[in-house]
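Protein chains in written order, with the numbering used here: chain V, 1 to 66; chain Y, 1001 to 1424.
Hints are computed from structural coordinates only; laboratory data are not their basis.
Quick reminder that beta carbons are idealized off the backbone N, C-alpha and C, glycines included.
Computed beta-carbon distance windows for the label pairs: (1) Asn-1014(Y) with Glu-51(V): 49 to 55 Å; (2) Lys-17(V) with Met-1336(Y): 50 to 56 Å; (3) Asn-1014(Y) with Asn-16(V): 39 to 45 Å; (4) Asp-1058(Y) with Glu-51(V): 24 to 30 Å; (5) Lys-56(V) with Asn-1086(Y): 41 to 47 Å.
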Amino acid sequence: MKSFRYLDSEPFRSENKFYHLYEYSDDICALEDSPVYPGLMNYVKTGLLTEDEVKKAVEYDKNSEM
Amino acid sequence: MDKKLFFEMENNLNILDEEIGLSGKRIFLFGHCSATLELIDLLIEKGLSVTAILDNSDSKLGIVYKGTEVVKPERIMELSGADPENESIVLITSRFYASMQKQLRCLGYIGPIRKIIDFNTYADYSLSEDTIKRMTAREKHGEELTTELIKMHGHVFKVFCPFDALGDVYIMMSYWESFARMRGITNTPVFCVPSRVLSEVIGMFGNYSVEIYEQKELDAMIQAAIYTQDKDSFIAHQDRPYVINLHRALYIKKIPLELIYRCGVFGLPIDTVPSTPEYGLREYNHLNRIPEGKSVVFSPYAKSVTAIDESIWNDAVVFFSGNGYKCFTNVAGYEMPLPGTEALDVPLPEMISVLEKAGTFIGIRSGLCDVVRTAKCNKIALYPDYNYSDTKWKAIDIYSIEGFQNIELEGEDTWDKIEKRIKW
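With the hints as constraints, model all of the structure from the sequences given.
This is how it looks when you write it as structure tokens:
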């Protein structure tokens, strides 16, 4: 199951510097508000999604379709 | 798939075949996508057959492409024979190679699993010292390239277009000015793109500076922007690279591509009106070839879309020719015109003049459809029946364009049946 981790929480914090260096895992979905690239929170700002829907989207487990 | 990647895939396949000999093996492909279908075509050309396409998505089960069926990955053990190590192989074109490999091993599959193409220079699923060292060097190279760009252009705002896709760049440009105003971006923008044809699309919207980079170099610059959080740059794409996770919203909600860019990529209000290209449009030099209002321009080719059966195109040509229309095929590079049509190889800024003279455009839904969306003529986009990426939505759900008749192909469709669904 994919894990949902906040960028600033441990144990992710110690790996955080690598998250922006390269994709070291495909098992991470980070919620960020960076001016350099788009993020899911734009959908909340523009009213397309609620915060709850963003959480559902981030936690969605495609493998559970199996 | 663009030509460079296709040749890389073909080369890798040939090397693999020489190394281990694919003939006689049960070949599985993991992940039903356009790249996989292109790989099947290559394998068939080599006289090889594919046992099955493995895919986790329920909506893809049972799809058959040239005799190969999509099945659940769990069936690998049943289908790979008594000696899978020697009798079978799994080939992967998807960028999710690592998780697919993991899944197969967890299922007990011990045969060889090979990545046949590397789409993703951003990824290496390892925290080894070697990997960190290599990726650090890559990021530093990206910073060097960015420094050179700034030396050339001065203190600019860098807009990165990570992927060679006409449609994405067209839609991106249609919202660029609104975004720049909202953000208060006053520095001159420089658009960094991976191909020359994208600079033509950008030029349709204004006299912008564009720099063209090899894909891997562009990827390195983008990584540098991410790593340094360079506030004088923006990665203007809805899906790449890995830090952009807008696509996850599609697992729970249907959001058309237009809104993905307007609201997702740029954070603009939902009622923002896109710009239209007016600056860089030109008239085609040979419009006298095209009978006004009695011509049809076909666009049957698209690099990242499942092809439509050639019989449909051929029957459409016969239909229009029989009704007194002159038929043309839009071609680029090595593409051939459909039988009974003349080839048209028109620079993108001149396409609108061609279509408005011709009167009718019929194309497979591709980025070209975005580029010509403002043409005042009859415009029909045909959608093969496939799902958008790994979501439950069909391509037509996401890619429908305003101003076009958007027609989804059904089952064993023929031109006769399609023609009846078009409003003339």
